[in-house]
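Residue numbers (the numbering used here), protein chains in the order written: chain W, 1 to 250; chain A, 251 to 475; chain R, 476 to 526.
Please keep in mind that the hints were generated in silico from the structure rather than gathered at the bench.
There may be inaccurate statements among the hints.
[To be verified] Derived pair list, reagent style SDA-like, types lysine to any residue, alpha-carbon separation capped at 25 Å:
1) K250(W) - A519(R)
2) K265(A) - L374(A)
3) K85(W) - E470(A)
[Claimed, not checked] If you only want the chain A side, here are some residues facing chain W, beta carbon under 7 Å, derived:
4) L415
5) V423
6) L468
We put the beta carbon where it would ideally sit given N, CA and C, even for glycine.
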Amino acid sequence: MSAVTQAPLPVSSTSSQSRPALLVILTVITAILTVVGLLMLLFYAGLDVTQGDVQRIFYIHVSAFAGASVALGVSVVAGIMYLWKRNPKWDRLALSGIEVGFALALTNLITGMVWARPIWNTWWTWDPRLTSAAIMILTYAAYFMLRAGIENPETRRRLSSVYGILAYTTVIVTFVIIRIRPDTIHPAVIGPSPQNAEGGFELSSSMLATMSFNMIVWSVFIPWVLIWWRLRIENLSERVNALRAVVAEK
Amino acid sequence: MKTPFFAAMLAIFRKDTLAESRSRELIGAMGLFALLDVLIFSFALELNREARIESVSGVLWVTIVFASILGLNRSMAMERDQGNLDVLLLAPLPRSAIFAGKLLGNFLFTALVGLAVAFVITILFNVPLFNGWMLIALLLGTAGFTIIGTLLAAMTAQTRARETLLPIVMLPVAVPLLLAAVRGTTYILNGAAQDEWLPWLSILTVLNIIFLVLGVVLFEFVVEE
Amino acid sequence: MPETLIPDTTAYLLLGLGVSTVIMGALIARFVLKYRSLKQDEAALEQIAQS
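So here's chain W without its partners, still in its complex pose (with noise of 0.2 Å):
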């Protein structure tokens, strides 16, 4: 008699290999707004006459920051869910949270350093924004080491939900800097700049659509896709390693 007959597995083979159809739908309506989007700010955006063709980064650059806001923040919000009730799933949803929003994060700092070489001319510039979103990004790489070094589940588990919601800080942070930093050149594309920003612009009505559009794509659609998707992977490898301590028992 096999063991997996005699004892249930934790998690139900079921739910990892049947595919949930509104994921599917959800998958390919994301991806035809991603694309819907990029042909916004490609074809009817208006051009930018003091920057040219490059403003055009805007509109990804802004929108990826506010997925990437909203990915943690689901971390965060299934970091407290766990610590108060325990459940495993919770401390999945929070990594899968923090993967998307890295790559997010990632893409919102490099699409800043392309634009910031013709307008600011140069890759980097120790802009206090700058050095706050590359802080974020240092942080959340700290966070996969710190889950890396921790060898029991439990405990992994629980400093992870701990610094997950500590490290959203600097999330904070590279929000408001630009109001408490007086210094920074760093634009602000909605609400007022700061007086010495470089490479503002006004946003004319088509530039304006444009932006919400991708500001809905990547803060609503894109992460919530990619985190499931991720936690799903997440649920199968949880899976494989019942199944792993199960053949060791044999």
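Dock chains A and R against the given chain W, drawing on the hints supplied.
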């Protein structure tokens, strides 16, 4: 019956200060490290008269942060190696009191080292670091670093890499504090108007409150079982 | 306004979009590779568990 919060906190604080007054292990290591750090900075940056004023508060804060990491690691390692932490966790006292007690001790030792560093810098670089507001900034910054440091050291003590991991997880989270502290002290040293540097001290205070609340709440989850 | 005054920064736009695609693509590729290898492990382990 649980020991009341303040009694437990003070007992842990007294234990740490008593042990330290006998061994002088923490302050000795942190102080010597801090002194070396200041000397290395002065060689590496070749600080002349004009450069000093600009970079002295950076040197001061980086030295305090690194020294505090050294002390926090050592303080946690001592608790762990002698099985002290396990006993503390078994004892019927609120977990937040353990945090507050350790925090108080760490803060006292780091603040003493910070003051010593400020004194050394005053003498070596001929920059007057001793005035009322400067000391308040020094204490506020040190408090912030020890709050998150105490929380994170309790976490990294449970990992495989232990001592190596603390700076990696602590430095990025501490950057907002470092930023406010460096800005504030630079303006104070430059003799800027009060409304230039007072906002930085307020930010420092707000960050301290936020990290203190997070620390008290989250510490319970860090030292479970 | 004469067209020559508008700076030609199209190359940077394309570079930026390319980098974004690479980063997000790398994330998705990681997902796919991880999923595949886990599926393989699962199948192999199930076989051992059943035998």
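To see whether the hints hold, each was checked on the structure:
1. K250(W) - A519(R): Distance ~15 Å between K250(W) and A519(R) Cα, so the pair holds.
2. K265(A) - L374(A): violated (35 Å)
3. K85(W) - E470(A): Holds, because 15 Å separates the two Cα atoms, which is no more than 25 Å.
4. L415: Hint holds; L415(A) Cβ to chain W Cβ min 6 Å, cut 7 Å.
5. V423: holds (6 Å)
6. L468: Since chain W brings a Cβ to about 5 Å from L468(A), closer than 7 Å, the hint holds.
In terms of the numbered hints stated before, the structure departs from hint 2 and from no other.
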